[in-house]
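Take these sequences, add in the hints, and give me the full structure.
Number of protein chains: 2
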Amino acid sequence: MAVTDSLIDAALAILEETGLPGLTVRDVAARAGVAPMGVYSRFGSKDGLLEALFMYGFASLQAAIETPPTASPLTRLRTGCQGYRRFAIHNPQLYHLMFEQMLLLDLSPEAKDLAQRSFGTLVERVHAAMTSSELAGTSSTEVAQQVWSAMHGAVSLEIAGVHFATDRAQSFTAMLDALLIGMAPRR
Amino acid sequence: MAVTDSLIDAALAILEETGLPGLTVRDVAARAGVAPMGVYSRFGSKDGLLEALFMYGFASLQAAIETPPTASPLTRLRTGCQGYRRFAIHNPQLYHLMFEQMLLLDLSPEAKDLAQRSFGTLVERVHAAMTSSELAGTSSTEVAQQVWSAMHGAVSLEIAGVHFATDRAQSFTAMLDALLIGMAPRR
DNA sequence: ATAGATAAAGAACAATGTTCTATAACATAA
DNA sequence: TTATGTTATAGAACATTGTTCTTTATCTAT
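Protein chains in written order, with the working numbering: chain S, 10 to 196; chain G, 10 to 196.
These aren't lab readings, by the way, just hints derived from the structure by calculation.
Mixed in with the good hints, there may be bad ones.
Just so you know, same-sequence chains aren't split out, so a pair can sit in one copy or run between any two.
As the list claims (entries may be wrong) - Listed next, the in silico SDA-like pairs over lysine to any residue satisfying Cα-Cα at most 25 angstroms (straight line):
| # | residue 1 | residue 2 |
| --- | --- | --- |
| 1 | K121 | V171 |
| 2 | K121 | R35 |
| 3 | K121 | D36 |
| 4 | K55 | L29 |
| 5 | K55 | Q179 |
| 6 | K55 | S149 |
Since we're looking at a predicted model, the values are computed, not measured.
Structure below.
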């Protein structure tokens, strides 16, 4: 329905413009041209609306890390990581919502499943790089978790403005390179 | 003053018990045995109280990463990182507040300075490890930022419950090891 | 001991999430 | 076409919470 999309669009705009504290049901509804009740009839509650944003965010993130196959699986993994950062930097408040509110929001199984699917993509890329002997280790899940942790930390601190490097994109790449080198097979 | 400490203690307890949404001025004041006004006369606002928690948190974090000198600077760095994780896991809501609210709260210069001092400790450890040729690179700030990013990401996801590794402490150590290996001088 | 200042308690106010109620729109069946 | 049951909407109303105001108590200094 058009109103549902309008509400999500309005919420996304307000979120990035004013941050989470500025995201009120009244403002979202007004911007979408409906009464506050419209939010409740469609999303059940404000948390329901936030969950819709959460899912929209993970769908976007999924698209951002999607990459065409390349000669080297490790290169493809790297490209996906750059897409990850690009998404986070372009949608800082949404990214913040997606990850920092996970702890507070109790998400529906569908929402959790969607988030997990993004992680699954990363696991696949890691697995491919292991198969091509560009990464060492036995558990692709373990390694993917570690890569994700590092990426998430870097973009989180960058979004929060807690970053002391001069070139942040370069710093992100350098960290990732060091990590992947440390994960490479010893010879 | 005793009341100020009581308020902070009460706020810390409520924070860890019920999370940030459950941290209301009324509840904090009641638990400390004073009227809500007591919060405002001492901290100015709820955000002022949160900033006090923020500063308490960074003082605790500073203590947690403090380690006696060891034979190897890199070992000392590793020990400090383990202390970092221990603090975060033992005070998840406080850790969450410290880092995720940085973006929203506008902190006083003193608060920012305190946070930066913790980072300074990390930079020193990295610098020492560079001097002893256990780490490569030129900018200890850059490298420290990358180490911090990875640590922060790992504990953030762990706290948020977004962690697919079986042994989380081991996963943290493995990530850190890989990163530090990747940062070691090539030979 | 008293005057001034300080702090506290409780009421009151504003914003916001949520619910209630009455009304309007709409689909469906005879 | 019309009547009816359902759904959606608008606007008011309610509860919670951050904040402020007002009055009262307490404390300090001379």
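Could you tell me which of the hints above the structure violates, numbers in ascending order?
Of the numbered hints given earlier, those the structure breaks are 2, 3, 5 and 6, listed in rising order.
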